[in-house]
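J.: Need the complex rebuilt from these two chains, each delivered in its own frame; the hints are there to steer you.
Chain order of the listed sequences is C and P.
Using the UniProt record's numbering, read the first sequence as starting at 1 and increasing by one per residue.
Using the UniProt record's numbering, read the second sequence as starting at 1 and increasing by one per residue.
No lab work stands behind these hints, which were simulated from the structure alone.
From the three backbone atoms N, C-alpha and C, an ideal C-beta is built for every residue, glycine too.
One or more hints might be untrue.
[Stated by the list, open to error] Part of the chain P face toward chain C, derived, beta carbon under 10 Å: (1) E26; (2) E46; (3) E65; (4) A68; (5) A78; (6) S99.
[What the hints assert, rightly or not] Here are a few chain C residues that sit away from chain P, every Cβ distance over 10 Å (derived from the structure): (7) A19; (8) R40; (9) P44; (10) F54; (11) Y65; (12) R75; (13) F95; (14) N100; (15) E101; (16) D107; (17) T114; (18) G119; (19) T126; (20) S128; (21) E137.
[What the hints assert, rightly or not] Chain C regions said to be covered by chain P (calculated; three or more residues, Cβ under 8 Å): (22) 9-15; (23) 24-37.
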Amino acid sequence: MPVISAVKDVDTLTMTFVAEFEATVEKVWQVWADPRKLERWWGPPTWPATFERFEFEPGGQVRYYMTGPDGTKARGWWTLTSVEAPHRLEFDDGFADENNEPVDPKDSTRGVVTLEDLGGRTRMTTVSTFTSAEQLERMAEMGMQEGMRQAQDQIDALLA
Amino acid sequence: MFHALADATRRDILTRVIRSGQSVSELARQYPMSFAAVQKHVAVLERAALVSKVRRGREQIVHGEVTALRRVALLLDAYEEVWRHRADRIADILEENDSAENQ
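Same shape as in the complex, but just chain P (with noise of 0.2 Å):
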């Protein structure tokens, strides 16, 4: 399972698919990558059970396979990715004040 959600494409799919399953081709749009590289990443996930594939007409439905507890954990980890980004942001806003001032 670790190795599963070591990658953070796999974390983003893991996400989008506990809120509502997805097709296969609708995840892949959201990436820049191949089909064939979005079909990879989905494949790891189902082989640590963190989700499963069902058959919708022509389509397999991707499914998260994860506990409400896990899921919450899985929404924070987002989260924390959110503040993750603004720690940075608010970093280098610092910085360019120090470069002004010290011109």
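Chain C extracted, bound-state conformation (with noise of 0.2 Å):
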């Protein structure tokens, strides 16, 4: 299990999430700075993400959709404020339009992923702060669609 903690703030709207894994700090790099790579662990197996537009540099600006089981698609965007490869990267993160253009652009949630090397291994940091409730209600919607996907497991293996 790659996951060693994660504390959530009920106050300030936040959960910093720390996780180590077995590779090098640039390796795990490579699973945020290759859209390729991203969108197959950013969205849940039931909503698969691509990313459209990828600019990864400071000030950049991503967009993806996730596409749901009935083909529904939910459209996010991102602004790049910090991208110091290969140790931290900062981001909004928000629901975008049909246009693919923010909802809202102040309606976003802030990303702070850090890397540090761990003598080979690397420990990443993710502290995701919100700005409301509603947006950590839509945003924690995933966690129910992933809260399937294991109920759906644990039938799987009842029955295996």
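T.: See below:
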């Protein structure tokens, strides 16, 4: 299990998530920097992500969508505010409309990712800060998709 | 309350109904299990006073009974789940890299 800790603060609507991987900092950086790798893990298996626009540089714009089981597309945007390869990434993440533009540029989640070298292994810390409980609620919906997947896996395991 | 929340399906049901009330049949459609099994999960949550049921016509609507702070804590738990799964997928991708290089 790569997860080391998840610290949640209900007052500041913040989650600090720490995971460690058996890979170098450069390799872990690539799962963020390479959109083809990123789209293999960003969305739940039932809502895979496709990155259409990917300007991986400070001030760069990213546009993506996640496709649900019934073909519904959930669109999102990032504005990268800091890109310091291979150690630090900061971005604002929000919902986009059908024209791929932010529904509300101020309604975004702040993401700060840091990668630390642990002698060939890597510690990845992701700090997510939400601006409102409503926004957190929509983001948490993805967790429900994962939860359903988990429920299905549990049933599959029982039937195997 | 801890027993009520120890199960992934029950946590999921609670997260859904704190957003908006849902009937037991609506809930049952979301899970790969029988109506009776979902009904049992709802009953456990009801005994822990985490949800309440209100009759609407022929249906029972399940509502979340949690404070705003508790609600935010549950949503953060659901969001942690998002990242746990992401970390697992990242680990899988990194492992693939390794085996490709060793070949």
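J.: Take the hints in turn and mark each one as holding or not.
T.: Hints, one by one, checked against the model:
Because the smallest distance between the Cβ of E26/P and any Cβ of chain C comes to about 14 Å, over 10 Å, the interface hint for this residue is violated. Interface restraint check: E46/P against chain C, minimum CB-CB distance 20 Å, threshold 10 Å, status violated. Contact between E65/P and chain C, as hinted, is not supported at the beta carbon level, the nearest pair being about 17 Å apart and thus beyond 10 Å. A cut of 10 Å between beta carbons decides the hint on A68/P: the least distance to chain C is about 7 Å, and the hint holds.
Below 10 Å, beta-carbon pairs count as interface contacts, and A78/P has one with chain C at about 3 Å; its hint therefore holds. Because the smallest distance between the Cβ of S99/P and any Cβ of chain C comes to about 12 Å, over 10 Å, the interface hint for this residue is violated. The non-interface label for A19/C is inconsistent with chain P: the shortest C-beta to C-beta separation is roughly 4 Å, within 10 Å. Not every C-beta of chain P lies more than 10 Å from that of R40/C, the closest at about 6 Å, which undercuts listing it as non-interface.
With 10 Å as the threshold on Cβ separation, the claim that P44/C sits away from chain P is violated: the shortest Cβ distance comes to roughly 7 Å. With a least CB separation of 17 Å from chain P, F54/C remains clear of the 10 Å interface cut-off, as annotated. Listed as a non-interface residue, Y65/C keeps its Cβ farther than 10 Å from every Cβ of chain P; the least gap is roughly 17 Å. No beta-carbon of chain P comes within 10 Å of the beta-carbon of R75/C; the shortest separation is about 17 Å.
Interface exclusion of F95/C from chain P stands, the closest Cβ pair being 15 Å apart, more than 10 Å. No beta-carbon of chain P is positioned within 10 Å of the beta-carbon of N100/C; the least distance is around 22 Å. The beta carbon of E101/C is kept farther than 10 Å from every beta carbon of chain P, the shortest such distance being approximately 24 Å. Once the 10 Å rule is applied to beta carbons, D107/C is consistent with being away from chain P; the minimum gap is 16 Å.
Against chain P, the non-interface label of T114/C holds: every CB pair exceeds 10 Å, the least being about 14 Å. Residue-level check passed: G119/C sits 16 Å from the nearest beta carbon of chain P, beyond 10 Å. The claim that T126/C lies off the interface is violated: its Cβ sits roughly 7 Å from the closest Cβ of chain P, which falls inside the 10 Å cut-off. With a cut of 10 Å on Cβ distances, S128/C falls inside the contact zone with chain P, its closest approach being about 7 Å.
Residue-level check failed: E137/C sits 6 Å from the nearest beta carbon of chain P, not beyond 10 Å. Requiring three or more residues with a Cβ within less than 8 Å of a Cβ of chain P, the coverage given for the stretch 9-15 of chain C holds, as 3 such residues are present. With a threshold of 8 Å between beta carbons, the proposed coverage of the stretch 24-37 of chain C by chain P holds, since 4 of its residues qualify and at least three are required.
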